[in-house]
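Asks: Take a look at the letters that make up each chain.
2 protein chains.
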Amino acid sequence: MKKFEEKTIQTEQIYNGKVIHLQVDEVTLPNGKTSKREIIKHQGAVAVIPITQDNKIVFVEQYRKPLEKSIVEIPAGKLEPGEIPEVTAIRELEEETGYTTNELKFVTSFYTSPGFADEIMHIYMSDKLKPMEKKAALDDDEFIEILELTLDEAEKYMKENRIHDAKTNYAILYLKTLEMM
Amino acid sequence: MKKFEEKTIQTEQIYNGKVIHLQVDEVTLPNGKTSKREIIKHQGAVAVIPITQDNKIVFVEQYRKPLEKSIVEIPAGKLEPGEIPEVTAIRELEEETGYTTNELKFVTSFYTSPGFADEIMHIYMSDKLKPMEKKAALDDDEFIEILELTLDEAEKYMKENRIHDAKTNYAILYLKTLEMM
Chain B
1 MKKFEEKTIQ TEQIYNGKVI HLQVDEVTLP NGKTSKREII KHQGAVAVIP
51 ITQDNKIVFV EQYRKPLEKS IVEIPAGKLE PGEIPEVTAI RELEEETGYT
101 TNELKFVTSF YTSPGFADEI MHIYMSDKLK PMEKKAALDD DEFIEILELT
151 LDEAEKYMKE NRIHDAKTNY AILYLKTLEM M
Chain D
1 MKKFEEKTIQ TEQIYNGKVI HLQVDEVTLP NGKTSKREII KHQGAVAVIP
51 ITQDNKIVFV EQYRKPLEKS IVEIPAGKLE PGEIPEVTAI RELEEETGYT
101 TNELKFVTSF YTSPGFADEI MHIYMSDKLK PMEKKAALDD DEFIEILELT
151 LDEAEKYMKE NRIHDAKTNY AILYLKTLEM M
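Protein chains in written order, with full-length UniProt numbering: chain B, 1 to 181; chain D, 1 to 181.
I should point out that these hints are in silico values taken from the structure, not numbers from a laboratory.
All C-beta atoms in this analysis are idealised placements derived from N, C-alpha and C, irrespective of residue type, glycine included.
There could be a bad hint or two in this list.
[Claimed, not checked] Far from chain D, some chain B residues (derived; all Cβ distances over 10 Å):
{"#": "1", "residue": "3"}
{"#": "2", "residue": "61"}
{"#": "3", "residue": "117"}
{"#": "4", "residue": "148"}
[What the hints assert, rightly or not] Derived Cβ-Cβ restraints for the label pairs, each shown as a range:
{"#": "5", "chain 1": "B", "residue 1": "36", "chain 2": "D", "residue 2": "28", "range": "34 to 40 Å"}
{"#": "6", "chain 1": "B", "residue 1": "36", "chain 2": "D", "residue 2": "106", "range": "43 to 49 Å"}
{"#": "7", "chain 1": "D", "residue 1": "131", "chain 2": "B", "residue 2": "16", "range": "45 to 51 Å"}
{"#": "8", "chain 1": "D", "residue 1": "103", "chain 2": "B", "residue 2": "130", "range": "48 to 54 Å"}
{"#": "9", "chain 1": "D", "residue 1": "153", "chain 2": "B", "residue 2": "105", "range": "38 to 44 Å"}
{"#": "10", "chain 1": "B", "residue 1": "134", "chain 2": "D", "residue 2": "145", "range": "24 to 30 Å"}
{"#": "11", "chain 1": "D", "residue 1": "52", "chain 2": "B", "residue 2": "132", "range": "37 to 43 Å"}
Just chain B, with the same shape it has in the complex (with noise of 0.2 Å):
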C-alpha cells in the first residue's frame, strides 16, 4: 500500500556501520510541505523460540550496550546478505543454544521500530531439538550465559523486566496461548 506516500527529494548519507547505516531523507509529503525523515538501514534478524524435550524453553542472557544491562531473550541474530531465515534461525541457534533442529515452524516477523527503521525480525519456533556434539564457535564480541526456564518462570522474569524486549515477550505470549488451546 502506497496510501500517504512520501516521496524522496534528496537522501543524505549519514553513517555506515557494521550493524546499521544512517541516512536522512527530504521528502515531500501528501500536502505538498517537506519534511525530514531519519531512517536506520538493518539487514533484518532472526529468533528461535527453543523448546527443549522436557518443556523448557532455552533463552541467552548478554549484555546490551544500548541499555547498559544484560537481558535475557530468546537466541536471535542478523540475516548475512541474500541469506533465507530458515538457515540465519538454525545457525543462531546452534551458535548461542548448543543444539540443533532440523523443524522449524514460522510463528511471526514484525518490524521492530517502523517509525525510523527498516528492521524485520522473524521469529521460528522449535520442539525438535538436538544436542549438538561440538557446540558451535561464537562471534568473537559475543557473551552469552545459556539458561533454560519453565514457562512460569520466564513470566516472572518477565515481570521483573529481566526479559524485557519485542521479540521474546511476543515469544512468551505465544507459548501462553499454546498453553491456552
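Got chain B sorted already, so can you dock chain D onto it with the hints?
Replies: Structure of chain D alone, referenced to chain B:
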C-alpha cells in the same frame, strides 16, 4: 544485571536528529579485547490498544518511510522528555483516533531492538473510549487514516502483512489471549 558488562572507553557522537541520536561507543569486552557498538538513542514510545463499545479495535494507517509503504498500526507516539507514559498514551489516542479515555490498563513494555537501540515501547489498553467533541490536531507532518476492525479482520490484515509491526502484532496476540480466557 551487569553480567558481561562492556565498559565504555570512548564515545563518538555521529548524529543528533529529531527522532534519533546515533553514537558509536568503543568498549572493553569481558575478555579484555575492544569492540565498537553502534547505538541509537530514542526517547521511548507509548502505544494504546483502543477497544470501542461495539468491540472493535481502532487502528491507524500511515506511510512509514523506512519501509516505503503504509501499514496499519495501533495508535502510538513518542514520549516527551519527563512525561509519564499514561499522558503520552492519552495524547496520542486523542490526536490519532478522535477518542479519549480516563481508564488505561497497562499491558506490557519492551525494548524494540536492544541490539542497537535503547527505544522502549510501553503498551496500554482501553475499552472505555469516549468520542471527543472536537478532534485534536495531528502533528503537521502526520497523515493517517482511521480503521475500526474486529479481531478477526485484524488477524486477516496480519496474514496479509498490512499489520506488520512489533507493538501491533503483540496487541493482536494479546487480544486473542483475552478472548481465549
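Asks: Look at each hint and say if it fits the structure.
Replies: Hint-by-hint comparison with the structure:
1. Not every C-beta of chain D lies more than 10 Å from that of residue 3(B), the closest at about 4 Å, which undercuts listing it as non-interface.
2. Once the 10 Å rule is applied to beta carbons, residue 61(B) is inconsistent with being away from chain D; the minimum gap is 6 Å.
3. Annotated as non-interface, residue 117(B) brings its C-beta within 10 Å of a C-beta of chain D; the closest such distance is 6 Å.
4. Under the 10 Å C-beta cut-off, the non-interface status given to residue 148(B) relative to chain D holds; the minimum distance is some 17 Å.
5. For the pair residue 36(B) and residue 28(D), the supplied restraint of 34 to 40 Å holds, since their beta-carbon distance comes to about 36 Å.
6. Between residue 36(B) and residue 106(D) the beta carbon distance is about 33 Å. The supplied range of 43 to 49 Å is therefore violated.
7. Distance hint for residue 131(D) and residue 16(B): a CB-CB separation of about 48 Å, consistent with the stated range 45 to 51 Å.
8. Distance hint for residue 103(D) and residue 130(B): a CB-CB separation of about 49 Å, consistent with the stated range 48 to 54 Å.
9. For the pair residue 153(D) and residue 105(B), the beta carbons lie near 25 Å from each other, so the given range of 38 to 44 Å is not met.
10. Separation of residue 134(B) from residue 145(D) is about 54 Å and departs from the stated range, judged on CB atoms against 24 to 30 Å.
11. Separated by about 51 Å at the C-beta atoms, residue 52(D) and residue 132(B) break the suggested range of 37 to 43 Å.
Violated hints for the displayed structure, listed by number in ascending order: 1, 2, 3, 6, 9, 10, 11.
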